[in-house]
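As you go down the protein sequences, you meet chains A and B in turn.
The first sequence: position 331 = 331 (this note's numbering), numbered continuously.
The second sequence: position 83 = 83 (this note's numbering), numbered continuously.
Read the hints as simulated data drawn from the structure, not as lab findings.
Heads up, some of the hints might be wrong.
Said to hold, decoys possible - Distance ranges between label pairs, derived from CB positions:
no., chain 1, residue 1, chain 2, residue 2, range
1, A, LYS318, B, LYS148, 47 to 57 Å
2, A, GLU75, B, GLU9, 50 to 60 Å
3, B, SER143, A, ASP45, 39 to 49 Å
4, B, GLU31, A, GLY377, 23 to 33 Å
5, B, GLU118, A, PRO175, 26 to 36 Å
6, B, GLU118, A, SER258, 37 to 47 Å
7, A, VAL288, B, PRO42, 30 to 40 Å
8, B, SER143, A, TRP58, 22 to 32 Å
9, A, LYS173, B, GLU118, 36 to 46 Å
10, B, SER143, A, ASN26, 16 to 26 Å
As the list claims (entries may be wrong) - Residues of chain B placed beyond 12 Å of chain A at every Cβ, according to the derived structure:
no., residue
11, THR22
12, GLY51
13, LYS58
14, GLU67
15, GLY77
16, ARG88
17, ALA108
18, ASN115
19, ASN122
20, ASN130
21, SER143
No residue lacks a Cβ here, since even glycine has one placed at the ideal position from N, Cα and C.
Single-letter residue listing:
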Amino acid sequence: MNITEKILARASGSKRLSPDDVVFVNVDKVMLHDVSGPGVIKVFDKLKKQGISVDKLWDPSKVWVAEDHFVPSAEKVSAENIVKLSNFTKNYGIEKHFKYGLGQYGICHTLSHEEALVLPGEVYVGGDSHTNTTGALGAFACGLGHTDVAYILLNGKIWFKVPETILFKLNGKLPAHVMAKDFILKIIGDIGTDGGAYKAMQFSGNGIDEMSVEERLTLTNMTTEAGAKNGIIEADQKVIDYLETRGATNFTPIHGDSDANYSKTFEYEASEMEPIVAKPFSPENISVVREAPSVELDKAYIGSCTGAKLEDLEAVAKILKGKKVKIRTEILPAAISIYKKALEKGLIKIFLDAGVTVGPPTCGACCGAHMGVLAKGEICISTTNRNFPGRMGHVESQTYLASPLVVAASAVTGKITDPRDLN
Amino acid sequence: MKGNVIKYERDNIDTDVILPGTYLKLHDYDELATHAMEGIDPNFHSKVKEGDFIVAGKNFGCGSSREHAPIALSHSGIKAVLALSFARIFYRNSVDGAFLLPIEIDEAAYHNIANGDELEINTEKNEIKNLTKNKKYQMKPFSEIIGKIIAAGGLFKFKP
């Protein structure tokens, strides 16, 4: 069995599992945020009316809550959602609630690794599609809707169809001007936004071994854009060290068997990789940056679970140091812990000196919520993950998706720019 | 189950157009319905009728995990979406929350069904009748677990 099959077998008490088997799986960790939380509360209200008991959760210690989409509260409806969420965690005894304005908080997927909330070998589900992100720690991590999360909160388990696994092998270390974001955009360009639908997307090879944990998280994060059920990378010493420095030591990584099955294998040579952009209006609509259309950009956005981790900010600072941005540029570190590290490393000063607006952690404009959404006709280059019509604001705005290096270089020139071409 | 078709001849109709992100803070189902399909069809809310079906291309519902998407369609009156294929979370949310039926159809049916056609869907026979065109199509049968959850009326009523 491969790692996904082994984790699901362990969690369902099955000896052996194969793709298409349907099993009820015991869940190890559950995440809610300020959009899915109120959605779950609504489901609980419906259940109460149907006479189903929602008095207590199966295990509040396995549940954690983030405030990220509409925080700091965008207007009064989102402010009320935050109050609802606080009452919910208080009533049900959920202690891990990361509240804005009270120390560490940030985007749910970023907290999952920054706070070592999910461990290798676990089954982790969240009320958000980019829950796939955390699979880079060697966990089965999968996004679900409100009804499914409500079911898990009450029953501790959920059904899954065992996915087939596609393996993506990276041979060699990515060149300095290429980031994991370029690699995953290339993959989505190759297989399409439904190329991983219902499947597991697993990454391996010495190029992945060479990659930092944060960069690996960018790969698994955007398996969602290929429609995957989960993205996964087997945990190695780098992951173990990463989690240990964040206080987690008690876990047992799971590895696939040497004769594990993969429905398909794709191989990529790192030395052939180039900076990539995904043009409007789909993450699969890719182009090599040097062949991208020469459009006048209005905005650059560096944020989200995909592109505002510490190494993303370091890549941006490398470009912006001593330069000025030519277009409106926003940087929103993905968690307070990252913001603090960026401050200590002098990155925030580099950003401010370059003319950038630095904002608080939030999903913000990535999902068109607030904090810099796009007007009709505006064109943005962004480190985020989706560029469907209206994703970041007006339905006639446009978003180009790219790596932090490319977005920073483009912020300096006002055009889509390969970092190698910046003087 | 009988109804009329609202057809969108395109692939990858994503959750950002089914229910734009700015409305994710809303949790009143009827209010969400007023914004359904706003991203590609601002007239959807005024034209949709109780019992209508949506017909669309492949990968319907791709994007986010927002259950708001099937909720907004269902509370607009949509009873089923007939598409060439579905994104997994939309599919699962539609079934587990008992909001609407996600029905997979083939290319021939997709091209033959026109906007406004009246369809009759029989999920027991896996058959779709086009009453306007006097034609019959096959739908892809639901997998065993999906069929059982639909029959139960959603995940909470399903006994594993």
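Legend entry - Cβ separation check - ARG88/B to all of chain A, threshold 12 Å: Violated, since 5 Å does not exceed 12 Å.
Legend entry - Status of ASN115/B, Cβ more than 12 Å from any chain A Cβ: Since the minimum Cβ distance to chain A is about 21 Å, ASN115/B lies beyond 12 Å and the statement holds.
Legend entry - Pairwise beta carbon distance, SER143/B to TRP58/A, judged against the given window 22 to 32 Å: holds (26 Å)
Legend entry - Cβ distance range 30 to 40 Å for VAL288/A and PRO42/B, holds or violated: holds (36 Å)
Legend entry - Interface exclusion of GLU67/B relative to chain A, criterion Cβ beyond 12 Å: violated (4 Å)
Legend entry - Whether GLY77/B stays farther than 12 Å from all C-beta atoms of chain A, as the label says: Per Cβ check, GLY77/B is outside 12 Å of chain A; nearest 19 Å; holds.
Legend entry - Non-interface claim for ALA108/B, where every Cβ of chain A lies beyond 12 Å: Per Cβ check, ALA108/B is outside 12 Å of chain A; nearest 20 Å; holds.
Legend entry - Nearest-CB test (12 Å) between chain A and ASN122/B: holds (25 Å)
Inset, instruction - Please settle this one: ASN130/B was flagged as non-interface, so is its CB more than 12 Å from every CB on chain A? - result: ASN130/B is indeed farther than 12 Å from all Cβ atoms of chain A, at 26 Å.
Inset, instruction - For the range 36 to 46 Å, tell me whether the beta carbons of LYS173/A and GLU118/B fit it or not. - result: violated (60 Å)
Inset, instruction - Using the Cβ atoms, figure out if GLU31/B sits within 23 to 33 Å of GLY377/A. - result: Given about 28 Å between the Cβ atoms, the range holds.
Legend entry - Distance restraint evaluation - GLU118/B, PRO175/A, Cβ atoms, bounds 26 to 36 Å: violated (58 Å)
Comparing the model with each earlier hint shows violations of hints 2, 3, 5, 6, 9, 11, 13, 14, 16, 21; every other hint is respected.
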